[in-house]
Every structure is written in C-alpha cells, then in structure tokens.
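Sequences are here, hints too, so could you generate the full structure?
Here is what each chain is made of, one letter per residue.
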Amino acid sequence: MAEYEAQLFNLAFFSYFAASCMYIGYLVMLNDKLALLGRIASIIGVGFNTLAIIARTMKAGHLPFANMYEFGMVLVWGLVIIHFVIEYQSKRKALGAFVLPLAFVLAGVFALFYQEARPLVPALKSNWLLIHVVMAVFAYGALAASCAIAATYFLKHRLEKNGDDGPLSAVLPELESLENMVNQLIALAMPFMTLLILTGAVWAEYAWGSYWRWDPKETWSLITWLVYAIYLHGRSVLGWRGNRAMTWAIVGFITVLFTFIGVNVLLPGLHSYAF
Amino acid sequence: MDEKPAVTRETVSQGRGSLILQFFRGFVSMRTGIFILLLVMAAAFIGTFIPPGREHKFLGDVYHTWCFRLLLGLLCVNILACSARRLPALWRSTTMPQASSSVKLDSLPHYQELKIESSVESVVITAATLLTQRGFRVQTDKDGAGPLLYADRGRWAPWGTLAVHLSILVITAGALYGNFYGFDRDIALPVGSSVEITGSQYPGVAQPFSLKLNTFTTQYYDDGSVSDWVSNITVEQNGTKVLSQEVKVNQPLDYNGIMVYQFSYGTTISTQVTDAQGHLIKEADVAERGGVESQGFVIRPVRFVPDFNPAQPMASASSELRNPHVLYIIYRDGREVDWGAAKLGEEIPLSKNKGHVTFTAAQPFSGLQIKHDPGVPVVWFGFILMTVGFFISLYTKRLRIWLTVAPGQGAVIVQAGGRGNRNLFDQVVEELNNQLVSDTASRRKI
Numbered sequence: 156m157a158e159y160e161a162q163l164f165n166l167a168f169f170s171y172f173a174a175s176c177m178y179i180g181y182l183v184m185l186n187d188k189l190a191l192l193g194r195i196a197s198i199i200g201v202g203f204n205t206l207a208i209i210a211r212t213m214k215a216g217h218l219p220f221a222n223m224y225e226f227g228m229v230l231v232w233g234l235v236i237i238h239f240v241i242e243y244q245s246k247r248k249a250l251g252a253f254v255l256p257l258a259f260v261l262a263g264v265f266a267l268f269y270q271e272a273r274p275l276v277p278a279l280k281s282n283w284l285l286i287h288v289v290m291a292v293f294a295y296g297a298l299a300a301s302c303a304i305a306a307t308y309f310l311k312h313r314l315e316k317n318g319d320d321g322p323l324s325a326v327l328p329e330l331e332s333l334e335n336m337v338n339q340l341i342a343l344a345m346p347f348m349t350l351l352i353l354t355g356a357v358w359a360e361y362a363w364g365s366y367w368r369w370d371p372k373e374t375w376s377l378i379t380w381l382v383y384a385i386y387l388h389g390r391s392v393l394g395w396r397g398n399r400a401m402t403w404a405i406v407g408f409i410t411v412l413f414t415f416i417g418v419n420v421l422l423p424g425l426h427s428y429a430f
Numbered sequence: 546m547d548e549k550p551a552v553t554r555e556t557v558s559q560g561r562g563s564l565i566l567q568f569f570r571g572f573v574s575m576r577t578g579i580f581i582l583l584l585v586m587a588a589a590f591i592g593t594f595i596p597p598g599r600e601h602k603f604l605g606d607v608y609h610t611w612c613f614r615l616l617l618g619l620l621c622v623n624i625l626a627c628s629a630r631r632l633p634a635l636w637r638s639t640t641m642p643q644a645s646s647s648v649k650l651d652s653l654p655h656y657q658e659l660k661i662e663s664s665v666e667s668v669v670i671t672a673a674t675l676l677t678q679r680g681f682r683v684q685t686d687k688d689g690a691g692p693l694l695y696a697d698r699g700r701w702a703p704w705g706t707l708a709v710h711l712s713i714l715v716i717t718a719g720a721l722y723g724n725f726y727g728f729d730r731d732i733a734l735p736v737g738s739s740v741e742i743t744g745s746q747y748p749g750v751a752q753p754f755s756l757k758l759n760t761f762t763t764q765y766y767d768d769g770s771v772s773d774w775v776s777n778i779t780v781e782q783n784g785t786k787v788l789s790q791e792v793k794v795n796q797p798l799d800y801n802g803i804m805v806y807q808f809s810y811g812t813t814i815s816t817q818v819t820d821a822q823g824h825l826i827k828e829a830d831v832a833e834r835g836g837v838e839s840q841g842f843v844i845r846p847v848r849f850v851p852d853f854n855p856a857q858p859m860a861s862a863s864s865e866l867r868n869p870h871v872l873y874i875i876y877r878d879g880r881e882v883d884w885g886a887a888k889l890g891e892e893i894p895l896s897k898n899k900g901h902v903t904f905t906a907a908q909p910f911s912g913l914q915i916k917h918d919p920g921v922p923v924v925w926f927g928f929i930l931m932t933v934g935f936f937i938s939l940y941t942k943r944l945r946i947w948l949t950v951a952p953g954q955g956a957v958i959v960q961a962g963g964r965g966n967r968n969l970f971d972q973v974v975e976e977l978n979n980q981l982v983s984d985t986a987s988r989r990k991i
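Taken in order, these protein sequences are the chains called L and F. The opening position of the first sequence corresponds to residue 156 in this note's numbering, with each subsequent residue numbered one higher. The opening position of the second sequence corresponds to residue 546 in this note's numbering, with each subsequent residue numbered one higher.
By construction, these hints were calculated from the structure, which means they are not laboratory data. Note that the structure is predicted; figures quoted are calculated from it, not measured. Yeah, the Cβ is synthetic: ideal placement off N, Cα and C, and Gly gets one too. Misleading hints may appear alongside valid ones.
Residues from chain F that face chain L, not an exhaustive set, calculated with beta carbons under 7 Å [said to hold, decoys possible]:
no.: 1; residue: 582
no.: 2; residue: 766
no.: 3; residue: 794
In structure tokens:
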C-alpha cells in the first residue's frame, strides 16, 4: 500500500471534487438525493484520505507531519471530519456546498506541493512535533470550516437583501444561526491556536535555543492570532455582528492560509524545511 | 452648593485634571486596546517583508526598534488598566447576590415573557428547582426590590478571560527579565579544545566551568540525508569532570540553567601568509567562507574537502582524510585574482614577489549556542496561565438569568431576561415553560 500513497491522496482529491459537485448540485436543483450522494462521496473521500495518511506513514517511517504536503493531507482530513460533525449537529445539508469545495481546493493545493517521503530532518526529531501538529489540525480545521460558513452567510445575506425568499434561501440556515456557528468554531479553535503557538515556542526553546525569534512563521502565526483576538473582542465587547464579524472571520482564515502556505513560499526562515 | 463658585485657579485646574482624566479614560478603553493590537499587527506584518540580514536603512529590524517596544509597552499598560477596571464588577458578579439589583429585564440581550395559570410562589419554587437541576447557582430576592430570582452558570468564564490578559503581562515580564539578566552567545569550538565559561564573560555564572568538545559527528540515514549533528561535550569544573553528554539539535545540555545548544558546524582552516623572503607575517584560524587580510589581499578558504577528487572538485569522495584540500579564492581590491584547490601544506603564490599563503591544517568545529535565560520559567508560567485561561474562557457556557413573577388576570406573568449564551437561555426558558404547563395540567387533574 505504501507505494500508492500519492495515488490514494489523488483519489481522495477526486472524491472531494465529486462531493463538492453533488452538494452544489443540491443547492442548484434542491434535490435531496444529491445531498445524500455528496455525503457518500465525502465519506469515500475521507476513507481514501485515511488510507493515504496510513500509506504515507508507512513509507516515510514517521507520522505525516514533516512538510506542507504531509500536514496538508491531515488538515484536509480534519476539515472533512469537522464537516461531518457540523452537518450532523445542524442537520443542514446545504453547508456541504461550502465546506467540501474548500476541502477540495485545499487538497488540490497541497497535492501541488507533493514531495517524496523522507526521514525526519534533525530539527523535527522531537516529541513536540506530534502535539504541535495535532493542535494545528484542530485549530486550522475549525477555522477553515468557519470561513466556509461565513461564505454561506454572505450568500444567504445577498439572497435576503434581494428579497429572494425562495427555496434556495429556505435550505440555507438562518443568518443568526450561521453567525453563531462561525463564532462557535472560532471560539473552539482559539485555545488550540494558542496552544499551537505556545507548543511551537516551547519546542523552539529546546531545539533552536530561543522561544521566540521573530522568524517569519512565528510572526505570521502571531498576526493570525491577533486577527482572531480582535474578532473575539469585536464580537463580545464592541457588539460586532453580521457583515463586519463575518468579513473578519474570512480575513482571519486568509491570514491562516498565508501563515501556512504563503510564508513557506515567500518568506524564508527557520521553518523553511516545511516547504 | 450654597457656596458661590469662585472662579479661581482651582476650578481651572480641575478642568485640566478632568481633561487628563478623560484622556486617561480614553487611553485605557478597550477600543484603544484594539487599536494598539491593530498597530502591533501592522508593524509585525511590515517586519516580515524585510529580508533578514539586509535590514532596511530606516526600518531596521522592526521588532527591536524602540517604536515597536513602545507599542508593546502601551499594550501592556492598556491591558493592565482594562483588567483593573473590570475587576470590581467581576468580583461582584462572582460573589454578591444579584437578585435585588435593579435590572430592567426587557432591556437585557435575551428576553421572554410567559403567561402561566399558577401562583407566584409555585412558579418561583418550580423555577428554582429546575435551574438548580440544570447546574445554575440560584438566589432568590430577599427584600422584594428587584427581580424575584437570579440564577447563573459558568461564573468562572470571565476569570478565564482575565487570566488570558494577565498572562500576556506575565510573558512580557518574563521576556524582559530574561533580556536583562540572561546571555546568549554563539561560539565555534574546535574538536578537542575547551572553552572557559566564566562570570566575567557570561554574567550570572557563579562558578566558572569549562566545556570540552570531545567529538563532533554527523549521523546519516540510509538514504544519505542527515539524521543528526552530534557534539560530545564534557563539562569540567575545577579540573574535574562533572558530566558528559551528547548535544543534538533537539537535545541541549543543561548545566545549572546554562544551556548549550547544537547550533551549526563547520571547519576552521589554519592559514599562514609569508612575505617574499619567507618570513611569517600573518597566521589565523579562518572559518570556511571567512577571510583573512594581508598586504591588500583577502584570502578566503571557501571549503575544506577531506578527500579531494580533481574530477569533482566540489564534492568530497569520502569523509576520510585521504587527500585533504582547501578550495580558496584570493581577492585584491575587491576583485578575484586567483582561485583553486590547494593541498594542506602547499604554498600558493600571492602574485609576483608578494609572498605565499599556506593552509596548514583543518579542524572541524561545532557551533554551539551558550545561553542562560532566567526569564524562561516565568514565560512558561505565562503560557500555562494563557492556555488554562483560554479553555475556561471559551469552553464555558456562561448564562445569567433574572426572573420576575407578577400576578396578572387569572394567571401569573413570568418575565425572563438573560445575558450570555443565547441557546442555553432559549433552552432553559422552554424547559421552564413546559414544566410550568405540565404542573398546571397535573394540578387540574387532581
């Protein structure tokens, strides 16, 4: 199985693509069968994704946390799992039309950064790697979902603004409940994002001799953290609701993506082996 | 008020005082705090786009400018002030009875009205029982001045928020303390040699000791990639061996809080320059890619190759010392005048009648970072405080409920106001309604 790790992830990618099409088809045609097919395709996708993670682990000889491709495949897996939880709890099939396309696009991006499995470089040979990356999967997975649901909010908002209360608007959750979901996901992610940065700092103290060096990765993780800190203050103290809060949630996830992908590509630093 | 206001300096200065007070109030507001956060974010953003090592003429290394430090300082003052200001209300809401406070229920964020055929007393008892069962702390009104019943849940959540804010101050304090009382130095230690760590060079070292590098090895995986860089280091104090340890990237040495990290590695090349008559005029140990200057020449040993093969001059055929060569470049007035590979001990002429340069020996060294940061335990404590605070703050459902029950025409009217978790409020009020309705129904049956 280990030889097929790349193919398995490609199959997951195509399954997520099929799931996205089904879910979007459901929004367009409002046919419940399509939503069911979307769910089945995403379950198949997670199955392939899980196999890909196992195969990669076997091939590399360590958990797939050592570079952007490896972490990316685990992140997408986490995002789709979070999607199942949200769909189960909210009983809203329409959200898949926003979360799965994001999972599909992310899977495609990470597949572009594919690199051969290699043994761990000296800096990564630490027990902190596991906890650091697990925190990242939780935090970034929940934030990716929050971004997709914020996008749902904007579609619903637009429909309502145009006075369209047709069947499409009816299958989308209420604006207030979308906002609450976004807020809950961010509140859920924030302690993990904090732990992500703090475990990274403790690890850096042991590996690089300093818990903070203003390395681009560190700085960008701080910027991301600040964006969400401002969101939390805005929502709880300044009474941000609606467009402003949701825009901020989307901006937050863009900074997450930049921290995770952009920094590796554009800003060389101590973290550059992750690329 | 019977005194006529005397227009004196006092009132004027009061006016000024209130202006300063107003400014101070404005500064310590949450909005100012958020504005400072935005500025920190913007500065951090700009800083990441200045390439390291080539700092901008005006901006420099953004994170160590006084401007950035001032921002962080202002942020800390703001956090401290905002936390202090919140504290009394926080204390009251945690400890003091809330039932008799005059709260306007219909102006609270959540509000519902129920109409129940029942008596005031039985509604209060039912509500108190239900809320207690749901994990609420319930207080009933004593003096009849306000709502009849107050209940709350998750009262520790705001303390978590406070802990997160204070943790930022703790971390900053730890970082400052470490900056003032710690040290951080990189040294290149050749294999076989020692370095003295004394209080005069390394502030805070009470008893001097020495670090000896016994061996330095690079370990490889089967596929040829690097698995680890390993320095075998012995600590000696007063001439006796205290401990021996392998230092690797993820395995620093800790000797009484003085940390030794594997930082880099390389080779130093002993370089001798002689004049035309053969007299030694310069001798230096030069790191790879370093340089030594003599008579207007700069001699740069670029790389040490232990097993030189002319067909592939850049790559060593093995790591054994079979054919040790040094790849070098010689510059004059900033221009390359000569480059090549020289065997150890071979004389290289420095243009006509200018003497020779000889690379006599090569020694591998380990680049070690020697660090002492007494602020680290404080910072770690701040990290724990922040993590615990965040989980308490964001994973606790907090809800405060106020209830009034008033007799109406043939029924009582229950007003429920709430602050906090919306879903929990709706759920609790619905349960209360169901309970009261079923109570009434069962009473009718009797």
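Verification of the hints:
For residue 582(F), the interface hint holds, the least distance from its beta-carbon to any beta-carbon of chain L being 6 Å, beneath 7 Å. For the restraint placing residue 766(F) at the interface with chain L, the shortest Cβ-Cβ distance is roughly 4 Å, inside the 7 Å limit, so the hint holds. Taken as an interface hint, residue 794(F) checks out: its beta carbon lies about 4 Å from the nearest beta carbon of chain L, inside 7 Å.
Every hint from the earlier list agrees with this structure, and none is contradicted.
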